[in-house]
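*Asks:* Mapping of the sequence shown onto the numbering used here: residues 1 to 685, in sequence order.
To be clear, the hints were calculated from the coordinates, so they are not data collected in a lab. The structure presented is a predicted model; accordingly, all values stated were derived computationally and were not measured. Misleading hints may appear alongside valid ones.
Calculated cross-link-like contacts (lysine to any residue; reagent style SDA-like; alpha-carbon spacing at most 25 Å) [said to hold, decoys possible]: (1) 422 x 453; (2) 422 x 615; (3) 619 x 416; (4) 235 x 271; (5) 422 x 399; (6) 423 x 608; (7) 318 x 149; (8) 282 x 338; (9) 638 x 393; (10) 661 x 673; (11) 629 x 427; (12) 661 x 369; (13) 629 x 547.
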Amino acid sequence: MRSRAGTGVLRLAAGGLRPPRVAARAPAIRTLSTRPTSRTAPTPPAPRPRSFAAVAAAPSPRSDLPPPPLRAPKSAPTPISGAERTRAVLSDIAAILHNDIGGSGAWLARVEAALSDLGDARRGRIAVVGDTLAGPRDVVSAVLEEPLSDSAGTMRAIQERYLGTGDDTLAITFAQGGAARTPGQLTVPSSFLSQSGADVIEVRPGPDAAADAIAADAVVLVLDPIRLTSAPALKDVLAPALAKGNVHFVVNGTLPPNATEDTVRAALAEQLKHTTVPGTPKPAYDLSFVNAAAALRAASALSAALSAEGAESGSKAKAFAAFQRDFVASAIGPLRGTLLTATPPGYQLRTADNTAAQAIAYTESVLASDRNVLLSASDVVADLRAEATSGAGKARRLSVVTKGVSSGVVEGSIDSSVAQAKKDIAALFDGRLSWLGLVVRLRVDDVGADIGSYISREFCADTQRQLVYEAGQLSELQGSLGASADRTARQLSASRTPHGGEANVAGHPFSSPLLLNHLSSLGLEVPPVGPRALLPPLTSRRAQLLSTVVPRLQVSAQRSLLTTYALALAGVSASWVACVPPLALISGYTATGLGLLSVVGGLALGQRFWARAQRRFWKDWARVTDMLKDDLVAHYDKTVQTLVLARPEVAADGLQELVGKRESRLKELEGRLERLRERLAVSGQ
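Throw the hints in and build the complete structure from the sequences for me.
*Replies:* And the structure:
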């Protein structure tokens, strides 16, 4: 509803109705018409053609209604008994909506409007809502027009209230004197408004219709007899109206063929079963069947007969009888009687209490939705952990580092590669690097060169190729899990679906820019898994073999060969010295035998030393290769944990922390809402 300062219009601000503001106007006062004090000397105005409000012609460029009369300065606000408790509850609800749950701005505005409404006593409000096809304007006109008690000017003002004006929500208020039309408000001295003590708010269907219904003290929903509550105009206003508990359904128009009031009543009850009303398991309502068009025709005919010049009393009696017949048939009279008492005592406080109750119900629905999001977030975090663990576990099970760990030597395993290398080196010891081969070729340096060359070139070569391939798989898994972690964090941190199609004020409960920034920085800090990421244990153990074990074998081979040569040379030299003069202790044959014996003894001793060196080599070999297997397993797990699982683990831990904090926050808010509901129940007693 439009609002303009100084018009005295009942405004619809921030989603709810607010009391009018009154400003001084020019002293000129004009009235629409003067009603004669006696019917014996009437000077009636010429009859005007009838124009129903719902089917008015195109807007005229100007209205015949005068500007509103001068109003007296507004007096001091009239306090409302018992409003302080409700005001305190509304203030706490507004604080929760604004600060805690990220609630809708529309509901916050409705609560603030209810707070403002408790500042001063006012007349009641009856909101009338309906689809255009249901004729809600005709129903309002039929209820307000009383030809026997209202002046012709009042009736004309009601009939022409939409001529030359907009189509916004219209507040029809009571005031003594003449009728006045301002944007958003019609002021008329209607007898119905005077007797009921309430104003009529014709609500324009749209986004603000729910706020108008919530701010009203009673709601009239005008239905056509075919669609009933399924009309699009009632989509947003039906549940809030039912939640008020003071709602009147009016079926306007002629019932379709083969339809009765009972069948329409049953159809309406069936439709309402599918309408969710927070906090109201079975909403109560009234249902009336009227024909507003017939009532308007009857009132128009009577008004024309009464105002006709020179009409005989008999014709007036017939017109009055026809009016009674048609008016009774239209059933507007019972509806008017119902609406005269539609606003019960204490209506203003009741409306504020109901607004608070609906706001609490809305807030509880938000918390319930957040709890569902919480459960979903926990499931998402668990799925993220499971995905990361499953991917890493599957990669580990298929890795070469775990093959044959508990089931013996398996082809393609580390044990198989080590066994093959041992077999090849043993073949070298039996062939080219045998003891006799070393003695004959005098190439003891070939031991270190041949063994070192083989270890550098062939030691666990197939394992190395497999580890390079697995590093590529881990790199792909790292990228996949990292993208999944980022996607999960951003998905949970994105703006949630607004409740009721309304924008949220606060951020999402799992929104954490710090977590997203940390994940982004991790993407830069954690290096990708490269081709050689799994090779350090293999290269370090290979280097250990080349730097310690092989040189030790080389030294042992040199020592063995030198021992053989030294012993043989010493034996031959001693035999020769003992054989030749001046000693000539032994004969030449004996010296030759002793020389040969010393050579054979030297060869035997050298071979023994070489065999001992080989045993020491295999012992060192076993120690290094056993540590190689353990190192590969440990390094693989470390690589997976620090490189592959880093981002998903950080994302899961951060989101789980947010879930825990939100869980605690939800419990606290649920407790606060429960206490607010208890306080509201006490204030409503």
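*Asks:* Are the hints correct? Go through all of them and say.
*Replies:* A quick look at each hint next to the structure:
1. 422 x 453: This hinted pair holds, its Cα atoms lying about 14 Å apart.
2. 422 x 615: Given pair residue 422, residue 615 holds - Cα atoms ~13 Å apart, limit 25 Å.
3. 619 x 416: holds, 18 Å
4. 235 x 271: holds, 12 Å
5. 422 x 399: holds, 22 Å
6. 423 x 608: Status holds; Cα separation ~21 Å.
7. 318 x 149: Since the Cα atoms of residue 318 and residue 149 sit roughly 19 Å apart, the hinted pair holds (cutoff 25 Å).
8. 282 x 338: holds, 22 Å
9. 638 x 393: holds, 13 Å
10. 661 x 673: holds, 18 Å
11. 629 x 427: Holds - the C-alpha atoms of residue 427 and residue 629 are around 23 Å apart, at most 25 Å.
12. 661 x 369: Satisfied, since the Cα-Cα distance of roughly 16 Å is no more than 25 Å.
13. 629 x 547: holds, 19 Å
Hint check: no violations occur; every hint is consistent with the structure.
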